[in-house]
Amino acid sequence: MIVDCAIYRKGKRIADVDDMAAAVERAKQEGEEFVWIGLYEPTEEELAKVATAFHLHPLAVEDALHAHQRAKIEHFEDSIFVVLKTLGYDEAHSTLSVGELMLFIGPDFVVTVRHGEASPLGELRHRLETHDQRILAHGPAAVLYAVADSVVDSYIIIADQLDEDLHELEERVFSPERTNDAETIYKLKREVLEFRRAVVPLVEPLQIAASGLLPGIGADARPFFRDVADHAQRVADQIEQQDKLLTDILHANLAQVGVRQNEDMRRISAWVAIAAVPTMIAGIYGMNFQHMPELTWRYGYPLVLMLMGGVCTWMYRAFKRSGWL
Amino acid sequence: MIVDCAIYRKGKRIADVDDMAAAVERAKQEGEEFVWIGLYEPTEEELAKVATAFHLHPLAVEDALHAHQRAKIEHFEDSIFVVLKTLGYDEAHSTLSVGELMLFIGPDFVVTVRHGEASPLGELRHRLETHDQRILAHGPAAVLYAVADSVVDSYIIIADQLDEDLHELEERVFSPERTNDAETIYKLKREVLEFRRAVVPLVEPLQIAASGLLPGIGADARPFFRDVADHAQRVADQIEQQDKLLTDILHANLAQVGVRQNEDMRRISAWVAIAAVPTMIAGIYGMNFQHMPELTWRYGYPLVLMLMGGVCTWMYRAFKRSGWL
Amino acid sequence: MIVDCAIYRKGKRIADVDDMAAAVERAKQEGEEFVWIGLYEPTEEELAKVATAFHLHPLAVEDALHAHQRAKIEHFEDSIFVVLKTLGYDEAHSTLSVGELMLFIGPDFVVTVRHGEASPLGELRHRLETHDQRILAHGPAAVLYAVADSVVDSYIIIADQLDEDLHELEERVFSPERTNDAETIYKLKREVLEFRRAVVPLVEPLQIAASGLLPGIGADARPFFRDVADHAQRVADQIEQQDKLLTDILHANLAQVGVRQNEDMRRISAWVAIAAVPTMIAGIYGMNFQHMPELTWRYGYPLVLMLMGGVCTWMYRAFKRSGWL
Amino acid sequence: MIVDCAIYRKGKRIADVDDMAAAVERAKQEGEEFVWIGLYEPTEEELAKVATAFHLHPLAVEDALHAHQRAKIEHFEDSIFVVLKTLGYDEAHSTLSVGELMLFIGPDFVVTVRHGEASPLGELRHRLETHDQRILAHGPAAVLYAVADSVVDSYIIIADQLDEDLHELEERVFSPERTNDAETIYKLKREVLEFRRAVVPLVEPLQIAASGLLPGIGADARPFFRDVADHAQRVADQIEQQDKLLTDILHANLAQVGVRQNEDMRRISAWVAIAAVPTMIAGIYGMNFQHMPELTWRYGYPLVLMLMGGVCTWMYRAFKRSGWL
Amino acid sequence: MIVDCAIYRKGKRIADVDDMAAAVERAKQEGEEFVWIGLYEPTEEELAKVATAFHLHPLAVEDALHAHQRAKIEHFEDSIFVVLKTLGYDEAHSTLSVGELMLFIGPDFVVTVRHGEASPLGELRHRLETHDQRILAHGPAAVLYAVADSVVDSYIIIADQLDEDLHELEERVFSPERTNDAETIYKLKREVLEFRRAVVPLVEPLQIAASGLLPGIGADARPFFRDVADHAQRVADQIEQQDKLLTDILHANLAQVGVRQNEDMRRISAWVAIAAVPTMIAGIYGMNFQHMPELTWRYGYPLVLMLMGGVCTWMYRAFKRSGWL
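Protein chains in written order, with our numbering: chain P, 8 to 332; chain L, 8 to 332; chain U, 8 to 332; chain R, 8 to 332; chain V, 8 to 332.
Errors might be hidden in some of the hints.
It does not matter which identical chain is meant; a pair holds if it fits inside one copy or across any two.
[Stated by the list, open to error] The calculated DSBU-like cross-link candidates involving lysine-lysine, where the alpha carbons are at most 35 Å apart (straight line), are:
| no. | residue 1 | residue 2 |
| --- | --- | --- |
| 1 | 251 | 194 |
| 2 | 194 | 327 |
| 3 | 56 | 194 |
| 4 | 17 | 56 |
| 5 | 19 | 327 |
| 6 | 35 | 327 |
| 7 | 56 | 251 |
| 8 | 251 | 327 |
| 9 | 251 | 79 |
| 10 | 19 | 194 |
| 11 | 327 | 17 |
| 12 | 17 | 251 |
| 13 | 19 | 56 |
Quick caveat, the hints were computed from the structure, so don't treat them as lab data.
Since the structure is predicted, the reported quantities are computational estimates derived from the model, not experimental observations.
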């Protein structure tokens, strides 16, 4: 689906485009104009039409058709092909939804292809058109910067949400309640690793873009890409730490399980011991010896009951004191 | 066994070949032709004949004779020798079968040698001959691309199957049923590591091919090899994640085992406690004191039975409430 | 908030500054002077004013406004932007507080921006002005050195405090007392990883500064930066060791938990066994056989009581000897 | 001990040597000849004599005298010094025996020094003299190749034996028998790490030899060394996988131990429960109430015995069904 | 404290020095002489005096004053500053004591500074003066080599002692005795990591020295430094292996603890079962049914006692056979 298609000149949207081929031709001649086409999960035909108009490399086009690409920045002769992973985080279920954003950046065009629900581009385009015309005036590379910046900013938010989830998890694991946290820990770990797979492959290409080794990214644009690369690196550091902490919390949880089992075992044992004593005393006075003077005592029975009660109370208190109960 | 041997010209199969030496001679003179010989687990003699005809390096020939090579791309003076691991995945038993594909790529010939059951080449050749003559027209390097692409595509499918197996495993481990999953986890880990050994060594040589450092791979072929290298890298990332997750699930499983033991212990203890109370009460009324007024009561016995039943019922409910039963 | 703003000439504070723009102009013309402005959690307006006066890069300014940057050294055309993590360690609770220090270093100015409580700069500036004018005479780069040195020195102190905490933890884990240390270990690990995230990203940029690849750092300043880089590397090594040791202590703690559970189980079992014997004997003499000669003995009852006591004492001693009690 | 010493010319053994100095002189003049001296655990004097004759570097000589060197390839001005670890694997006890092979390779001489039992060289020399004169004709570098190839081939065999041991171990760990496998796993891990220490340091120097950066290894010899380097790399990959699998199996074993403990606990508890029921019933009918109608029934006793038997049988079946017994 | 100070000429000690400044002057003019000053935990004044005489860099001097530096080799304009960690191993308590050795190497002087007890230099100097004048004749670089060689040799000895301790530990962990080894394993791990921190940072600078990138180390000295670098690398490899093995033994110990708990549980349960049977039988014959024919048998009581004894004996044997007792 073609979502939006327009010509920009010095940062201003000057016209909507229907005939892409003509628009490209015009942009090429004018020099200061560029076309920005936004696609959402395009069909093979739609993409083929765009590819023909902008002379996109067939392999990149094939990659753009199917989602499930690796985050990367590739440069062809006169254009760059960028794949970004867009992420949405459903905090209620602690699950990540992964989408993809592909960009074809040429000297006078930008084609953006979006797969999956997360991170709509319309809003970003609108903000650029109304508030950040200064940025847009730098041409296609500026669009790449704006998109990458917005995607990495969403990573920062998700990394912070994962941090919060991790904190909640810590509290649950170390709370005195007997929760079984192994599954929750594992699920969070899975999300963190999924997140990592989206972010880490992006760091190096962004640093390459920042060092000015890509065509179409001028010297004045480099600090901007360095800034994005830097933020991506910070998220990558944060993920690495979360990854390590989750491994540790899995082990700490094991120790917690062991400690709790020990506590339960001691509590159970204490009660067993308390119950064993009256049984033993009763057993003794259930013996059939002819000469057992206590049996003939008038108050033998209540005395024995009191003995049982007394010993049990004393044991209960002793166990309480030593922390077994 | 020589499976198929033909001459190609501008992507078209023009003749079957019997006399290899003559065919090579002709291909050399014509310039636009190349010979493609397909071998399946060749004997030493068959391979020697081919080696003589195409002047293959004796070490590469020795490697091609025996399977169990490392995935690699080696370049000799005027030819490239490639070893690819072909994989088949038997989902029913979660076992990988590993085969090998060797290719000798020269300026005017391709020799493919296949070991093991997985990934037959006949189909691929047929598809190239009928549908992708455009690719075939680029000569021997295009055959290498097509084969590598097809092998890496099979990796992607297997990686996804392993992902599914991992998901099933997660469900089993965290299901309330008492399955002993350590063995299943370990077996899957073993397959993942086997898979890794096939894929990871391939990534770097493919990237070298993509960067144009190998003879016989022209500038226009590089994006194609970069595409394959990229897919291989993506599979390698996926494997790394599976590897990490399997380590974590092994630890999570340990915690599950501990938690279940704790649950069992508490359930058992609850029943022991419930059984201990009537025994204790019975013991008390089994004492032989002369003065135990309850013993002479008409309804002493049914009252005691009711007391026992009542205490047991109360305990059962209390344990139920606290989650021990 | 602008904390302090002054002009320095040959290491001496010569004037307080109100009109920044004029001061900068003067510093530029004089050549041997520089301006040092200290800001504490500045508002957007304050920072904008400073940025205009010193022509700071807008991206660096944006980074300086918000805390939560990665430790880094970036160089723009004619200035360097440095982010340092300042750390404070609350030993009572074993928690790290993280602040940030940003520096803009130009040929004739230094702007320091501080976020968070830790590591005030006023003291350092005072010491430089009164005791280390020799250092200050080297200009802005010397201020960077002095600040970095002071921050890394604080890292060394914290690393040693963490070492002490680790020692205390070791003693607790291996003490015979039954403490549940999993949480403490995990919490310390978390602090160590937080610490690591502040220190490790700093090592490489400091080494780059030491190797003279940054503008404004002369050949005679390099050994000083190498010294700082070296200390940072030493702290990084120490952290890595602490990280490893904490992982190991987590596992050792698991073994401790297991061993203690075993000890408890054996102690409990010993007492159960001691209680089971009199119960069994009492049961035997509670049988209703008509012909049980012991029952008619005059001293049968006391003899059986003595038997019970004797067996129990003997068992108690045997368990004591074998280490079960 | 000097084991063998001979002059070779174009791959043929032409004379045994007694006077080394003269032989070296002759080899130098002839150009096409070289001397090969084989030593076995030489004394300091023997080695000193050889060192003088061939002008070996004193440090290399000192290394060659004592075993316990690291695998390495060092080049001095006009000679190469190579240390290889030879390994023997005693499958019965799963123990590695480590020996060492040192080679001094000069333009017209080879000195081989062997320490330890594993991997005798006499056989290899004999095979080269009788079957592979073609190889030997390439001079000293060919001897280095032949020795390295033979050593790496022995690594491949050992790696496969370790693989087999690992398979056996897997079967034992996951068999239903209650074996204590922690020690066996650890011992195998130790051997794998010992193996790794012999193989891994060798890979890089072999790759350096393959890339033609060592003097005395001509362009035509490089593919041969690349082949050896490749095989060494394959073994290193295999070892890495074994290392990882052994770590995993150690954890899987932990889970097995836990699962088995759980099974035992449940089985024990089931029997305890089965025994507790008759005891409880017997206790009830052992009470001394005056009005217990069952006690006066003629068939009360057999009925109660049948009740006990019935309940126990029912419980036994129920536990059997639920997998506790 | 200045321990020793002398002038050397062609490897011979020619004079003791009191006036350092004059000695340096003389050494500079003579060209073939150098001064070697040995300091032990010098005061600030002593070091300042030496620093002035030899024009040492103030930062290196500050490092040399305080211990707790990282092992490193730094080069200043015309001198090298080296920090080595000296280690002593107290086998009785398995504790490492860490000292430090700093060297300032100039064209005509050596200043050695020693902190801590381990590794005295007097002996080494004496040996060089009496036995190894040949080495000493190479000047200051030779002193550096001799010191580094001696320090690394002490590492080799300690690594072997740690290997022995590890072997003893293995035997303890896998012995049938119930030792609690977690603490011992952890303590040894701590020492290994301490050791690692002393050795690993040294390997790279030694390799740099060996590659001739440091001033003052001539081409003929390189093989000597390569030899030392090689030995340090070997120790680093050994430490890495010990580190890995200790991690594994920690896990193996966990399994041992689990297995032992299981054994104890089964043994305890067996005894409980053996005791439960007579109790149950006694309970049955303690029932008060009027019609229990056994009770009136003359030999009922001894028969029941024999039954009890028989069943217990049979159970004991059965448990013995199945390995529970």
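Against the structure, the hints:
1. 251 <-> 194: both (15 Å within a copy, 13 Å between copies)
2. 194 <-> 327: between (38 Å within a copy, 29 Å between copies)
3. 56 <-> 194: Intra 42 Å, inter 48 Å, cutoff 35 Å: neither.
4. 17 <-> 56: Both. Shortest intra-copy (27 Å) and inter-copy (28 Å) distances satisfy the 35 Å Cα cut-off.
5. 19 <-> 327: The answer is neither: 78 Å in one copy and 71 Å across copies each exceed 35 Å.
6. 35 <-> 327: neither (86 Å within a copy, 78 Å between copies)
7. 56 <-> 251: So residue 56 and residue 251 fail the 35 Å test inside a copy (47 Å) and across (42 Å) alike.
8. 251 <-> 327: The answer is neither: 39 Å in one copy and 38 Å across copies each exceed 35 Å.
9. 251 <-> 79: both (25 Å within a copy, 23 Å between copies)
10. 19 <-> 194: This pair counts as neither: shortest intra-copy Cα distance 46 Å, inter-copy 53 Å.
11. 327 <-> 17: neither (80 Å within a copy, 74 Å between copies)
12. 17 <-> 251: neither (47 Å within a copy, 49 Å between copies)
13. 19 <-> 56: Cα proximity of residue 19 and residue 56: in one copy and across copies (26 Å, 29 Å).
Of the hints listed earlier, those the structure fails to meet are numbers 3, 5, 6, 7, 8, 10, 11 and 12, in rising order.
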